[in-house]
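Student: Listed below, chain by chain, are the residues.
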Amino acid sequence: MKRASRIRTFLAALAIVAAPAAAVAQSKQLLLYSWANYVPPDLIKRFEAETGIKVSLDVYDSNDTMLAKLQAGGGGYDIVVPSNSILATMIKSDLLLKVDAAKMSNFSNVAAPHDRPAADPGREYSVPYLWGSTGFTYDSAKVPGGKLDESWKEFFEPRPELSGKIAVLNDQGEVYSAAALYLGLDTCSEDPADGQKILTLLEKQKPHVKIYSSTGTIDRVAAGEVIMHQQWNGASHRSRAKLGTAVFVYPTEGMNLWGDNFVVPKGASNPESAKIFLNWMMLPKNAAEASNFSGYNNAIKGSEDLLKADLRDNPAINPSEPLKTRFRPVKDCSLKAREIRDNVWTRLRR
Amino acid sequence: MRSISTSPSLLAAPAALFLIVFMLVPVGLMIYVSSLERGAFGGVAWGSHTGIAYEKLLFERDLTGQISFNSDYIAIILRSLRLAAITTAITLVLGIPTALYMASLPPRHAAFMLFLVTVPFWTNLLVRNFAWILILRNGGPLDSALAATGILTPPLDILYTPLATGIGLTYSFLPFMILPIYVALERIDKRLIEAAFDLGADRWRVLSRVVLPLAAPGIAAGAILVFVPCLGAYVSPELLGGGKSLMIGNLIQAQFGASRNWPFGAALALVLLLVLLLSLILVARIKRREQAAS
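Line by line, the protein sequences give chains U and B. Quick note: the first sequence uses the numbering used here, first residue 218, plus one each step. Quick note: the second sequence uses the numbering used here, first residue 20, plus one each step.
Honestly, the hints are just simulated from the structure, not real lab data.
Cross-link-like lysine to any residue pairs, in silico, SDA-like; alpha carbons within 20 angstroms at most: (1) U:LYS553 / U:CYS405; (2) U:LYS423 / B:GLY262; (3) U:LYS553 / B:GLU74; (4) U:LYS553 / B:PHE60; (5) U:LYS382 / B:ASP162; (6) U:LYS423 / B:ARG98.
Sample of chain B residues lacking proximity to chain U, with all beta carbon distances greater than 12 angstroms (derived): (7) SER28; (8) ALA31; (9) ILE105; (10) TYR120; (11) SER123; (12) GLU213; (13) ARG222; (14) LEU296; (15) LEU301; (16) GLU309.
All C-beta atoms, glycine included, are put in the ideal place defined by N, C-alpha and C.
The following block holds chain U by itself, in its conformation from the complex (with noise of 0.2 angstroms):
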């Protein structure tokens, strides 16, 4: 890691070295740098044919990875897919291009509450594109009597026919609201006895725990490698295509809901063909096409009527009013809360 990571710093020095000539050569390009597996190829192709501007494309696999990216210095990237959680980070951080969304041609499309997200209230810097929540998801064929309650206890304190079978995100974020949402407690909480609570939950549950992972979640779920697993509401969509049996489940002490958006990080090489592919990207055609591709919602009115059948059908995307309110958006939380959660995580794992 040390290695690669010297390597990435000695890229980007080349990258920035290298800039000034690519903005000599001007033309219409777009340097992409995306969550991976996230906007669909064929979009990124037909946005080229539509605008005659090049897209490149970058990928990783955790807000963190691109927030350490960006402020190193590196990249020279367009822009980039920040999660709501850590976009008002950005923001303050003074990362990001002011490009005054709200006032776009498209930005009328934008169903609420996107057009307001707490981290930038008047969208000046940022685009929604994908949202979707955090649950998980069970194989009912597996499961005593094919059904488990709506409550993440059956995820924390499972049942003794699940034990050595369930799988965890490997994302502190993630396991930690959830923990925290199972035992009332804030999020985002300061105080170090909320965090013990937690731990102590979390320890309880680790002898069960097959494996912490975030990726290849939907493979570990379609190949019966595990009966239940901490999953993203899109994963368990692309799980069920596979496995038939497989059940999302959103419980009723609540559970993260997050959004991604896109924005422009200050020191971008192409401002302007960002700003035109942040409009096209709230077309609802285009909206519609990123939803089918990635099996999450977009925020983009007049998409639904565009989406595939079996994704407007499953209730793990198109949850009903009901289910909606166990939704919890992820907060920022403050430095304090932050430590806390990763000494939790650490000590869980130590």
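Starting from the known structure of chain U, arrange chain B on it as the hints suggest.
Tutor: Just chain B now, kept in the frame of chain U:
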């Protein structure tokens, strides 16, 4: 010829430049970052210094400022040391007989064996470790083979355990043990072995009193080549260990990722470097003492 002999420092220049640019500068940067305060939103606050990153290695502060001892990080470092030591021991046990066998072959066959040992390097380490996931998983080849022979009843449940990490590390680093030992064995003067037999030593005594002592430098080199990368190993614990127990490599990565604590990550990397330096000094000491004894 003359120009070369008069400017040895010039000849060393590329290596020196390489060391300065890729070793001294990054390590210096790492030391500097470890002395900084972490930024409120990640990154570091350039220019404001503190020793908090080093304090965190051993102590934790609660909100009232009360300081108490925290053994979490020591435990993780010790686990990494233990795993690296075990892996080194296993590769020694597997590597010495393999190297002995290779050294006993006629040169043409030995060259072929050498080729076989290096074949795994043709494939990326990540890919090879991923292949072990497929081999070790329940219902995988190993599981069904053992079940078919009736030795064990499935499921095997090896994947995502420390044992799986150990298997992955042993597999990844075995060639680094075999190659230097083979080179050392190959260079032994065969007449010494004949002389030992002529003087009445049995095969075991020849091996333990003549061959292995002469191959000691190769064995030491192999042990270092396995131990050092094992201690910082990242891929095998991440893929095969199931993320249940942290290794120091994964802990350092987390500081630059989710934990957003660059100074502490740099301090941990420095500790890792110091541990390695200490073990290298230890090996050098032992070597010198052995040389003095002989």
